[in-house]
Amino acid sequence: MTTTEPTPEVVVDPNAINLTINGRPVAARKGELIIAAADRSGDYIPRFCYHPRMSSVGMCRQCLVEVEGPRGPMMVVSCMTPVAEGQVVRTETDQVKRAQEGIIELLLANHPLDCPVCDKGGECPLQDQAFSHGPGESRFIEEKRHYEKPIAISDLVLLDRERCILCDRCTRFADEVAGDALIHFTSRGNNTQVQTFPDEPFSSYFSGNTVQICPVGALTAQPYRFKARPWDLEKTESTCTTCSVGCRITLESSRDELLRYQGVDSDPVNHGWLCDKGRFNFESVKSDARLSNPLVRDGASLVETSWSSALSTAASIITSALRSGGATRVAVLGGARGTNEDAHAWAKLADALAIDSVDAQLGDGLPAAVLAYPQATIDDASRASTIILLSPDLKEELPILYLRLRDASEKKRSRILEFASKGSGLTRYAWKSVPHMPGNQAKVVASTLSESVVSAQLAKGSVVVVVGRSNLAESDEYTMAALDAVMAAHPSATVLPVLRRGNVRGALSAGLGRRDAVDILTDAANGEIDCLVLVGSDPIADFPDTDLARRALAAVPNIIAVDTFATASSTKATVLLPAAAFGEKDGSTTNLEGRVTRLARKVTVNGTSRPDWMVALELADILGHDLGVASVAEVHADLVSSNPVFGPATRAALSAHPDGVVLAPLATATSTPVAPPVAEKPGFGHRLVVGRKLYDNGRNVSESPSLAPLAPGSYLHMHSLDLERLGAADGASVKVSGDRTSIVMNVVADDSVQRGTVWAAWAQSGANIGELIDATKWVNDVRVETL
Amino acid sequence: MARLSEENVRLANEIIGRYPRARSAMIPLLHLAQEQDGHVTNEAMTHIGELVGATSAEVYGTASFYEMFKFEPVGKYLINICGTMSCALMGAEELMHHAEHRLGVKLGGTTDDGMFTLERAECQAACTEAPCLQVNYRYRFRVADADFDSLVDDLKAGRLNDEIPAHGTVARVRQHIPVDRGVGAVPPEDVTEAPTWMDGKAAL
Ligand code: SF4
Ligand code: SF4
Ligand code: FES
Ligand code: FES
Chain S
54 MTTTEPTPEV VVDPNAINLT INGRPVAARK GELIIAAADR SGDYIPRFCY HPRMSSVGMC
114 RQCLVEVEGP RGPMMVVSCM TPVAEGQVVR TETDQVKRAQ EGIIELLLAN HPLDCPVCDK
174 GGECPLQDQA FSHGPGESRF IEEKRHYEKP IAISDLVLLD RERCILCDRC TRFADEVAGD
234 ALIHFTSRGN NTQVQTFPDE PFSSYFSGNT VQICPVGALT AQPYRFKARP WDLEKTESTC
294 TTCSVGCRIT LESSRDELLR YQGVDSDPVN HGWLCDKGRF NFESVKSDAR LSNPLVRDGA
354 SLVETSWSSA LSTAASIITS ALRSGGATRV AVLGGARGTN EDAHAWAKLA DALAIDSVDA
414 QLGDGLPAAV LAYPQATIDD ASRASTIILL SPDLKEELPI LYLRLRDASE KKRSRILEFA
474 SKGSGLTRYA WKSVPHMPGN QAKVVASTLS ESVVSAQLAK GSVVVVVGRS NLAESDEYTM
534 AALDAVMAAH PSATVLPVLR RGNVRGALSA GLGRRDAVDI LTDAANGEID CLVLVGSDPI
594 ADFPDTDLAR RALAAVPNII AVDTFATASS TKATVLLPAA AFGEKDGSTT NLEGRVTRLA
654 RKVTVNGTSR PDWMVALELA DILGHDLGVA SVAEVHADLV SSNPVFGPAT RAALSAHPDG
714 VVLAPLATAT STPVAPPVAE KPGFGHRLVV GRKLYDNGRN VSESPSLAPL APGSYLHMHS
774 LDLERLGAAD GASVKVSGDR TSIVMNVVAD DSVQRGTVWA AWAQSGANIG ELIDATKWVN
834 DVRVETL
Chain C
1033 MARLSEENVR LANEIIGRYP RARSAMIPLL HLAQEQDGHV TNEAMTHIGE LVGATSAEVY
1093 GTASFYEMFK FEPVGKYLIN ICGTMSCALM GAEELMHHAE HRLGVKLGGT TDDGMFTLER
1153 AECQAACTEA PCLQVNYRYR FRVADADFDS LVDDLKAGRL NDEIPAHGTV ARVRQHIPVD
1213 RGVGAVPPED VTEAPTWMDG KAAL
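These protein sequence lines map, in sequence, to chains S and C. Read in order, the letters of the first sequence are residues 54 to 840 in the numbering used here. Read in order, the letters of the second sequence are residues 1033 to 1236 in the numbering used here.
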């Protein structure tokens, strides 16, 4: 610059770096790696070990490039070398090519080259790069290394050590990303190999990711092995709706059969990772147990019939219920597992019929008011200086959110302040984990936040409260009261609600949360409901108070169920309509932070199944209501134009933003929770805490043969000192009594459980803990006795 | 098959206290485990992982790098006959042959009475004294067949107990380090002053 006066517009960015790659100028950021800058500039550098979501290790040396140095060009590893001002990088010189060919030749020296029988063949970075950057032939004629082929390193993943090129991706993932360092390089030296500890399998909830990122066919997934060749697979992008994190995935099928899901790197959501439950439950979509035709009750049995007769039976049930007692005698439960369009169609039908007893949740979530607080996104949480957890165990319920928050803590961006009745997967990463008894969290929160070290921490920067239903055996009002205690102490905090079902936020935002399921089922049990419509919901299995759900469903004269499976609840129906499953229908979904993304149909529906929205439209039609929409696109357009919360999620916006569009908070008035302290019931020594494990007996898992065996079963968890006082051995059978009944369970010592409480997992095979939960009580105390 | 004994856990915690990070104590603790059982058991590796905050797989991954950690039971005396150039020229092959016959085991094997394990080693840096061997890492030089036989007899009769302790015994693990000579449990980045015994002379 020649002027002496600095021009004020020119802001010199201290982090900007200019270099040239293959003769062309490239702008980069300080600290960026050459390989990443080259990726952006379109100069592809071959690589095996480098992964943008993990730290660089320089294991494979395939990414060598030439950088101009003081003594001429030198070879550097581009995945370990940061860019520098004025750097001159060349990625395609003869020297570079010779290096690449040399590395490939060495990697192939011990590689079995069994591509014809390898799952990876056709999408294998080693195969591809051997063609594009290899020497074409090998000078190695000696015998190759041999190992037993393949060994199972977990129930889901197999390892073929002969194919492994020791890139450290799987082991790095297990340690850095998943926090489950259960696989490691062993016998380093000539025999370096990936291994687990003897008899300790790689049972991580995230193990499937290693199969996806392995740059060769060394790691294969049991559910996909030998099922297809990559070139036979058709792929389409969609969103996992198994839980409400909403990870982006590709649905991959061949001959109209779903064969695999792969993670897609969505920056605001999943960073390319999936949990194993989300990745492998495609098996349940093609389960033989799926309903394929409508069923109508004939005495004790359900008999197949045509859609037209089933729908007209359903319509006449609704009509007679409306006629006999009015709209209060009809109720709708469910909708949180479908698409936004499903929810909107059912909400429109409920509007048309003036039905107010509608709930997408089953007494196992939080009041919709939680969506009306100032909202935070997952990114906000993972960048917050303090993350306050008032949530269930995220590792068990929302696994990829767990990974994001674990990362925030491990990378020292955030400090986690956890309030919980039982230790969770995040406890070991928490800055502070404050235990509370079920029912007194608001008090514990208020007193903790008033400690000077805690308030100093909160004052450091942004605060995000992650709030969800942590205990199914206590009233949700305690959680809401605890949330209000945080907001009172720190009004600028924002809230990330972690309601769990795939599209629960979409359903609530679309208007399917009008009345609490507890009240609806209580009415039903009292004979005040004549027709109950179950839209993909199973209250007997999912409502925390099993007895109330059972009584309610028994007292309702006519149930109409729309479901993919015959469940404990849907088999009680008068009319049971087969629903299209995930992967069989188009639409959009809303994740827990309110992010709307598109869902794709990849396979044709099972039998004559129909999507939920279509069922609502057809029922409306027979009932004489024109909802004014006739296709999924029209339902979506109507949703966007008639519901201001969905305003930003137009079709065009969703097409333009594959990562989705974030909705506005809900305009519901916040509730004022009443949450009285409840003294321990005399003679009942333990307060009940009921949470979830990732693998349970829900249909996603139980109908996926690869996942079903992973559910742990039903156990009562108790602190070892309480167990000692009880005089029961670890693993012994004990009698657990609530007010209404007793069940027999095996007790296990677990010191993450607080003394004075017992913990059990929801929906496990064996004893059903739901028998002990009374949903009308604030908390549930139980008595534990030896047998 | 055992986890670390109560006494060894006490020692383990003392050793861990010598390092700024617990994980750094992994190798001394593996020695401790090998001393306790003669080899490193799976249970001990799991136990060490618990003590230093690592998974069993990480402990195994570290331990399995080292030839001198044994994961299967070995004899009370581990005999390593050097097989590298000088020793090979001076009859190491023949010595190995003789040893196999004398002990009645093949290379790599352990005698039925659990007394001896026979291994081949790389150069032991005693090439001028070839052929040489080590018993539990104690040298024997210019070993003729007759020397080997008397060595075995002496070991069996317990005549060398003072000189050659059982396999796994590593004195260094048990050495006492005065507190003021250790860096203490402070991570390097937090060390701001030179320890007193450095007289303040050395620059940090
Ligand atoms: S198994 Fe695959 S991911 Fe793991 S180190 Fe080997 S090549 Fe890399
Ligand atoms: S975390 Fe949830 S959305 Fe993501 S893959 Fe798992 S189940 Fe699917
Ligand atoms: S990609 Fe750079 S060394 Fe492997
Ligand atoms: S060759 Fe045997 S000690 Fe060196």
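Don't read these hints as lab results, they were simulated from the structure. Misleading hints may appear alongside valid ones.
As the list claims (entries may be wrong) - Coverage of chain C stretches by chain S, computed from C-beta distances (three or more under 8 Å per stretch; other residues unrestricted): (1) 1073-1086; (2) 1143-1151.
Claimed, not checked - For each label pair, taking beta carbons as the anchor points, the in silico distance ranges come out as: (3) S/TYR200 <-> C/MET1117: 26 to 34 Å; (4) S/PHE737 <-> C/MET1100: 56 to 64 Å; (5) C/ILE1059 <-> S/GLU176: 39 to 47 Å; (6) S/THR725 <-> C/ARG1042: 37 to 45 Å; (7) S/GLY819 <-> C/LYS1188: 42 to 50 Å; (8) S/TRP484 <-> C/GLU1039: 32 to 40 Å; (9) C/ILE1059 <-> S/GLY819: 38 to 46 Å.
In this text, a Cβ means the ideal position worked out from N, Cα and C, and glycines have one as well.
Here's how the hints hold up against the structure:
1. 1073-1086: holds (count 4)
2. 1143-1151: violated (count 0)
3. S/TYR200 <-> C/MET1117: 26 to 34 Å: Roughly 31 Å apart at Cβ, these two residues keep to the hinted range, so it holds.
4. S/PHE737 <-> C/MET1100: 56 to 64 Å: 58 Å, holds
5. C/ILE1059 <-> S/GLU176: 39 to 47 Å: Cβ of C/ILE1059 to Cβ of S/GLU176: about 41 Å, so the range 39 to 47 Å holds.
6. S/THR725 <-> C/ARG1042: 37 to 45 Å: With Cβ atoms ~56 Å apart, the hint is violated.
7. S/GLY819 <-> C/LYS1188: 42 to 50 Å: 58 Å Cβ-Cβ, so the 42 to 50 Å window is violated.
8. S/TRP484 <-> C/GLU1039: 32 to 40 Å: 36 Å, holds
9. C/ILE1059 <-> S/GLY819: 38 to 46 Å: Holds - the Cβ-Cβ distance for C/ILE1059 and S/GLY819, about 44 Å, lies within 38 to 46 Å.
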